[in-house]
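When you get a sec, could you build the whole thing from the sequences and use the hints?
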Amino acid sequence: MPQGQPSVIPDDGLTTRQRRNRPLVVVHTGVGKGKSTAAFGLALRAWNQGWPIGVFQFVKSAKWKVGEENALRVLGASGEGGSVAWHKMGEGWSWVQRDAQLDNEEKAREGWEQVKRDLAAQTYRLYVLDEFAYPMHWGWVDTDEVVDVLRNRPGTQHVVITGRNAPEKLVDFADLVTDMSKVKHPMDAGQKGQRGIEW
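Here the sequence shown is numbered in my numbering, starting from 1 and rising by one per residue.
It should be emphasised that the hints constitute simulated quantities derived from the structure, not laboratory data.
All residues carry an ideal CB built from backbone N, CA and C; glycine is no exception.
There could be a bad hint or two in this list.
[To be verified] In silico lysine-lysine, DSS-like type, Cα no more than 30 Å apart, as pairs: (1) K169 x K182; (2) K33 x K169; (3) K116 x K169.
[Claimed, not checked] For each label pair, taking beta carbons as the anchor points, the in silico distance ranges come out as: (4) A77 x L14: 14 to 24 Å; (5) P23 x K192: 19 to 29 Å; (6) D188 x A38: 13 to 23 Å.
The structure is reproduced here in structure tokens:
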């Protein structure tokens, strides 16, 4: 297994092992495809390490059946790796259509309150806050509060946040940020999403 070498060794008083094992805040943002997919890839790695995983889907409909949910639930129940809990916060809203906005704002805030409770209790080792950048971008959830809660979370809890338009304050605070740009997409040629690729 290749061992990455950091380009900078900070004078922070930590040993290499302590620095390596610090909990991370990861942000996947940008207009390109693959933000959630990459986050679920990290969840697979966490499952393999035996970590308890909490997935919180913001914005996406509770009715959507995504392949990652089924796969991770089966893996979580297998007893071979970590446990997986999947929480759906959306009620049918998508970034294309903004019906029932007030109800969705409330659901997003309720979801964030649950995440805060779980962070305080150290319920999971990896949190996937899928599409959570949107509620912050729209002002449904306060970005300053999110950063403060994440900065002060106890233990070794890793948090991955996905979604377009991640607020600058979150990006500045995060340890790892990937901006996924779009070079080309089948939708540009009029093709709708398809099974096995989008869900």
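Worksheet item: Range hint 19 to 29 Å: satisfied by the CB atoms of P23 and K192?
Response: Roughly 39 Å apart at Cβ, these two residues miss the hinted range, so it is violated.
Discussion item. K33 and K169 were given as a pair; does the straight-line alpha-carbon distance stay at or below 30 Å?
Written reply: Holds - the C-alpha atoms of K169 and K33 are around 23 Å apart, at most 30 Å.
Worksheet item: A77 and L14, beta-carbon distance inside 14 to 24 Å?
Response: The hinted range 14 to 24 Å is violated for A77 and L14, with Cβ atoms some 37 Å apart.
Worksheet item: Are the Cα atoms of K169 and K182 separated by 30 Å or less?
Response: holds (23 Å)
Worksheet item: Given the hinted pair K116 and K169, is their alpha-carbon gap at most 30 Å?
Response: holds (18 Å)
Worksheet item: How does the Cβ-Cβ distance of D188 and A38 compare with 13 to 23 Å: does it lie in that range?
Response: holds (21 Å)
Going down the numbered hints, you'll see the structure goes against 4 and 5, while the others check out.
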